[in-house]
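Student: Fit chain V to the supplied structure of chain F, relying on the hints for placement.
Chains as they are written, first to last, in numbering that gives the first Met the number 0: chain F, 0 to 173; chain V, 0 to 182.
FYI, nobody ran anything at the bench for these hints, they're computed from the structure.
Since the structure is predicted, the reported quantities are computational estimates derived from the model, not experimental observations.
C-beta atoms are modelled at their ideal positions from N, C-alpha and C, and glycine is treated no differently.
Among the hints, a few may not be true.
[What the hints assert, rightly or not] Facing chain F, from chain V, some residues (calculated, C-beta under 8 Å):
hint: 1; residue: 39
hint: 2; residue: 79
hint: 3; residue: 145
hint: 4; residue: 148
hint: 5; residue: 161
The primary structure of each chain is shown beneath.
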Amino acid sequence: MNYTKTAKILHWLMAILLFGLLALGFYMQDLPLSPDKLKLYSWHKWAGVTAFLLVAFRLSWRIAHRPPALPDSMPKLMQVAAHAGHLLLYALMIAIPLSGWLMSSAKGFQTVYFGVLPIPDLLDKNKEVGDLLALVHKSLNLLFIAVLAGHIGAALKHHFIDKDDILTRMLPRH
Amino acid sequence: MKKIILALALAGAFSAQAAEFTQVQPDKSAINFTYKQMGVAVDGKFKKFASQLNFDPAKPAAAKATFDVELASVDTGAPEGDQEVAGKPWFNTKAFPTARFVSGTVKPLGGNKYEVAGQLSIKGKTQDVIVPATFTTQGNTGVFDGSFTIRRADFSIGEGTWAKFDIVANDVVIKFRITATSK
Numbered sequence: 000m001n002y003t004k005t006a007k008i009l010h011w012l013m014a015i016l017l018f019g020l021l022a023l024g025f026y027m028q029d030l031p032l033s034p035d036k037l038k039l040y041s042w043h044k045w046a047g048v049t050a051f052l053l054v055a056f057r058l059s060w061r062i063a064h065r066p067p068a069l070p071d072s073m074p075k076l077m078q079v080a081a082h083a084g085h086l087l088l089y090a091l092m093i094a095i096p097l098s099g100w101l102m103s104s105a106k107g108f109q110t111v112y113f114g115v116l117p118i119p120d121l122l123d124k125n126k127e128v129g130d131l132l133a134l135v136h137k138s139l140n141l142l143f144i145a146v147l148a149g150h151i152g153a154a155l156k157h158h159f160i161d162k163d164d165i166l167t168r169m170l171p172r173h
Numbered sequence: 000m001k002k003i004i005l006a007l008a009l010a011g012a013f014s015a016q017a018a019e020f021t022q023v024q025p026d027k028s029a030i031n032f033t034y035k036q037m038g039v040a041v042d043g044k045f046k047k048f049a050s051q052l053n054f055d056p057a058k059p060a061a062a063k064a065t066f067d068v069e070l071a072s073v074d075t076g077a078p079e080g081d082q083e084v085a086g087k088p089w090f091n092t093k094a095f096p097t098a099r100f101v102s103g104t105v106k107p108l109g110g111n112k113y114e115v116a117g118q119l120s121i122k123g124k125t126q127d128v129i130v131p132a133t134f135t136t137q138g139n140t141g142v143f144d145g146s147f148t149i150r151r152a153d154f155s156i157g158e159g160t161w162a163k164f165d166i167v168a169n170d171v172v173i174k175f176r177i178t179a180t181s182k
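Excised from the complex, chain F in its bound form:
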């Protein structure tokens, strides 16, 4: 059993995009204020909206196309852990862009997709709420990094220790 081509493309496209978003997010926040910093913030927001759209499409694709089952060789507990891990990854991929969007609204800097399409502000400008959401956005991302490390570690364990096809079935042209 294999993943669909669409599922693979979405997986790897989002992998590249999310690593870029994470790196950019942690890099840009400590920069001194400059035109470049403002540019990077805008790019980060646009990429975040893109990631949100992609994950929405990916989720609907996944619901319509059942992913291949986990191998029987996997203990039941490990299977539950794998499903829980994937559920958490999806939850974070939705919650993180939402928290970023809400944070932008609360901080008074609306998100305007590619500088032309304004995303409505759900929250009014409020410093305390903005600071709180910044903490939420950062904490969710730290959690995301931890779950990602587990995700990558598990995939490598499956490939090199369990020697099953869990990793290779997500690779292109398998």
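Tutor: Coordinates of chain V only, in the frame set by chain F:
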């Protein structure tokens, strides 16, 4: 008797018309601004300003207004932004602490609309500006509302790396509400 009542009524009407609004209420007044940052409208405000006002709706030609805005009281919405715009490339508040608006002719446009010509000085540069405003009264309180657009480059606001308009647009809309009472 009738004549006396008429005289009193006229006097009353006259004194109401002659009300001169001079006492600006800072807590009910605001000077805000909006600019575009990579297509995103961002709001800010100035928290402190001093003013002198003489405005009698019956005698707009004699109206006079001076506003001195404390530029260091800027609120851009982010602390690092406040610090940045106080610096040399932007307002350079150490050398130029205030922005000053001095009114010239006040033209009534009918109804409660006015057009105030004036001079705006920021960062050592003075420009003529036309400020449209409405004036509404309630009892002895009058409120000016209006907005006008300036170009930051005309005042060298945002120099060096900020001089291009691709990140921070040239146009800045100044929006104000000035509440004043008559004595």
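Student: Hint validation: residue 161 of chain V versus chain F, beta carbon distance must be below 8 Å. Holds or violated?
Tutor: Result: holds, 6 Å to nearest chain F Cβ.
Student: Quick check on the hint: residue 39 of chain V CB to chain F CB, less than 8 Å?
Tutor: holds, 5 Å
Student: If you take the shortest Cβ to Cβ gap from residue 79 of chain V to chain F, is it below 8 Å?
Tutor: Since the shortest Cβ distance to chain F is 5 Å, the answer is holds.
Student: With a cut-off of 8 Å, does the beta carbon of residue 148 of chain V approach a beta carbon of chain F closely enough for the hint to hold?
Tutor: This interface hint is violated because 20 Å lies over the 8 Å limit.
Student: Does residue 145 of chain V pass the interface hint, meaning its C-beta sits closer than 8 Å to a C-beta of chain F?
Tutor: Hint violated; residue 145 of chain V Cβ to chain F Cβ min 23 Å, cut 8 Å.
Of the numbered hints given earlier, the model fails hints 3, 4; all others are met.
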